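Protein chains: 2
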Amino acid sequence: MREKENTLIPNATAKRLALYYRYLRTLHSQGVLRINSRELSEALQVDSATIRRDFSYFGELGKRGYGYDVENLMNFFAKTLNDDQLTKVALIGVGNLGNALLNFKFYQNNNLRIAAAFDVNPNVIGKEVSGLIVHDMKNMKSVLDKEEINVVILTVPGKFAQDVANQLVDIGVKGILNFTPHSVLTPDDVVVQSVDLTNELQTLIYFMKRQEN
Amino acid sequence: MREKENTLIPNATAKRLALYYRYLRTLHSQGVLRINSRELSEALQVDSATIRRDFSYFGELGKRGYGYDVENLMNFFAKTLNDDQLTKVALIGVGNLGNALLNFKFYQNNNLRIAAAFDVNPNVIGKEVSGLIVHDMKNMKSVLDKEEINVVILTVPGKFAQDVANQLVDIGVKGILNFTPHSVLTPDDVVVQSVDLTNELQTLIYFMKRQEN
Numbered sequence: 001m002r003e004k005e006n007t008l009i010p011n012a013t014a015k016r017l018a019l020y021y022r023y024l025r026t027l028h029s030q031g032v033l034r035i036n037s038r039e040l041s042e043a044l045q046v047d048s049a050t051i052r053r054d055f056s057y058f059g060e061l062g063k064r065g066y067g068y069d070v071e072n073l074m075n076f077f078a079k080t081l082n083d084d085q086l087t088k089v090a091l092i093g094v095g096n097l098g099n100a101l102l103n104f105k106f107y108q109n110n111n112l113r114i115a116a117a118f119d120v121n122p123n124v125i126g127k128e129v130s131g132l133i134v135h136d137m138k139n140m141k142s143v144l145d146k147e148e149i150n151v152v153i154l155t156v157p158g159k160f161a162q163d164v165a166n167q168l169v170d171i172g173v174k175g176i177l178n179f180t181p182h183s184v185l186t187p188d189d190v191v192v193q194s195v196d197l198t199n200e201l202q203t204l205i206y207f208m209k210r211q212e213n
Numbered sequence: 001m002r003e004k005e006n007t008l009i010p011n012a013t014a015k016r017l018a019l020y021y022r023y024l025r026t027l028h029s030q031g032v033l034r035i036n037s038r039e040l041s042e043a044l045q046v047d048s049a050t051i052r053r054d055f056s057y058f059g060e061l062g063k064r065g066y067g068y069d070v071e072n073l074m075n076f077f078a079k080t081l082n083d084d085q086l087t088k089v090a091l092i093g094v095g096n097l098g099n100a101l102l103n104f105k106f107y108q109n110n111n112l113r114i115a116a117a118f119d120v121n122p123n124v125i126g127k128e129v130s131g132l133i134v135h136d137m138k139n140m141k142s143v144l145d146k147e148e149i150n151v152v153i154l155t156v157p158g159k160f161a162q163d164v165a166n167q168l169v170d171i172g173v174k175g176i177l178n179f180t181p182h183s184v185l186t187p188d189d190v191v192v193q194s195v196d197l198t199n200e201l202q203t204l205i206y207f208m209k210r211q212e213n
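Read top to bottom, the protein sequences are chains A and B. Residues in the first sequence are numbered consecutively from 1, following the working numbering. Residues in the second sequence are numbered consecutively from 1, following the working numbering.
Everything labelled a hint here was simulated from the structure, so no lab data went into it. In this text, all values refer to a predicted model and were calculated from it rather than measured experimentally. Heads up, a few of these hints could be off.
Pairs count within a copy or across copies, as identical chains cannot be separated in the list.
Claimed, not checked - Pairs of lysine-lysine, BS3-like flavour, derived with a Cα cap of 30 angstroms:
no., residue 1, residue 2
1, Lys15, Lys138
2, Lys141, Lys79
3, Lys209, Lys88
4, Lys79, Lys138
5, Lys88, Lys159
6, Lys15, Lys209
7, Lys63, Lys127
8, Lys15, Lys79
9, Lys146, Lys63
10, Lys15, Lys159
11, Lys15, Lys174
12, Lys159, Lys63
13, Lys174, Lys138
14, Lys138, Lys209
15, Lys141, Lys88
16, Lys127, Lys79
17, Lys88, Lys127
18, Lys209, Lys63
Full structure from sequences and hints, please.
Here you go:
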């Protein structure tokens, strides 16, 4: 069970992998041994044809009439998502949102860990937040090099987003989870995933409106 | 320019509408009069064929050889996304993340406004956060009715997510933006949009890994 062709996997599929993975881990922790696409569909509220098509990009993950072996599938997605090894992440910008993310146990049971935090505010630098001492942003390169971190969560004020992203690119960061309301442009080899809260709300409202019709 | 058939629009397209809208507003504020799909593609890092297909679901939005009229298209998306009228939203759970979202000016320049906040903690109830007095969750129904709110942002601890969602459904809420790490099940007429921070990070890391290959 390995990926057939990484580059052929549609983005929409790629974005559902973490969802599948999380649910498989829940099932596994409950001692569930196997599951079929219909059951997955009901639990995840994703169309079962979509699930089968998503899985088909990775080759034969299940058996007709048997469904999917929960543990095998979980391990497969763990490997696909790099969750079989620890990924350390840095957080840039310890304001309200940065504080919330540092305190949020989103890496609970996952191999993700925020291992460094940075700010420019002298009142924040040196403080301990959720077990981490906030570093001066001036020292990003040395800290990220030392900690071997190449992925960051960006929670600086929107107007600084591009400037900070440029600095991050310069020091070799390869992935940015952008929580600012601004778009961030990077070279092709640096991946940006944006979490735009306004977008999320507008999309929800659009789906609600569509539901009413 | 109106939607041809709401229900035929794929979810992936629906999820890009807010992105298009935001960028069109930026262009409009800069005095840009028209744009073509190639320029949109470069700015938004979405394939231009995808953009043209997305737009095609809404009928003839542009003219061949001319491109798109920025103001018309912006107004069209404003209407589609209900941003031509004020939508009031409530926030449930004023912990770290709730506080951050209340202080986050994500509705800046949009017709979205967090108009009520709720918690169960006596130390938080009655406090003012970002201009709002935090209400007791006991009073959700009366406050939401009075404010005519039927969409909420859910930032309670994950273990309470489903319980609170059940209460929200009972009092007539029709849309939930779920920021907890737990899935939330609701009847078909209540839309849930989940922002899962672990998912977002894992997806970013997956895209980074794919980039390396």
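Item to check | Intra/inter-copy verdict for Lys15 and Lys159 if alpha-carbon distance must be at most 30 angstroms | outcome: For Lys15 and Lys159, the Cα distance is within 30 angstroms both inside one copy (28 angstroms) and across copies (24 angstroms).
Item to check | 30 angstroms Cα threshold - placement of Lys127 relative to Lys88 | outcome: within (20 angstroms within a copy, 36 angstroms between copies)
Item to check | 30 angstroms Cα threshold - placement of Lys127 relative to Lys63 | outcome: neither (53 angstroms within a copy, 56 angstroms between copies)
Item to check | Intra/inter-copy verdict for Lys15 and Lys79 if alpha-carbon distance must be at most 30 angstroms | outcome: The answer is both: 15 angstroms in one copy and 28 angstroms across copies each meet 30 angstroms.
Checklist entry - When no copy is named, should Lys209 and Lys63 be tagged within, between, both, or neither for a Cα gap of at most 30 angstroms? => result between (39 angstroms within a copy, 28 angstroms between copies)
Next on the checklist: Treating 30 angstroms as the Cα threshold, decide for Lys159 and Lys63: within, between, both or neither.
Outcome noted: For Lys159 and Lys63, the Cα distance exceeds 30 angstroms both inside one copy (51 angstroms) and across copies (34 angstroms).
Item to check | Intra/inter-copy verdict for Lys174 and Lys138 if alpha-carbon distance must be at most 30 angstroms | outcome: Answer is within; shortest intra-copy Cα gap is 19 angstroms, inter-copy 46 angstroms.
Checklist entry - Between copies, within a copy, both or neither: which fits Lys79 and Lys138 at Cα up to 30 angstroms? => result Cα proximity of Lys79 and Lys138: none, with 35 angstroms in one copy and 45 angstroms across.
Next on the checklist: At most 30 angstroms between CA atoms: does that hold for Lys15 and Lys209 within a copy, between copies, both, or neither?
Outcome noted: Result: close both inside a copy and across copies, 24 angstroms intra and 14 angstroms inter.
Next on the checklist: Treating 30 angstroms as the Cα threshold, decide for Lys88 and Lys159: within, between, both or neither.
Outcome noted: Both, since 26 angstroms and 26 angstroms are each at most 30 angstroms.
Next on the checklist: Reference check for the pair Lys138 and Lys209, CA-CA at most 30 angstroms: within, between, both, or neither?
Outcome noted: This pair counts as between: shortest inter-copy Cα distance 28 angstroms, intra-copy 47 angstroms.
Item to check | Within, between, both or neither: Lys141, Lys88 at alpha-carbon 30 angstroms | outcome: within (15 angstroms within a copy, 43 angstroms between copies)
When each numbered hint is compared with the structure, violations occur for hints 1, 4, 7, 9, 12, 16.
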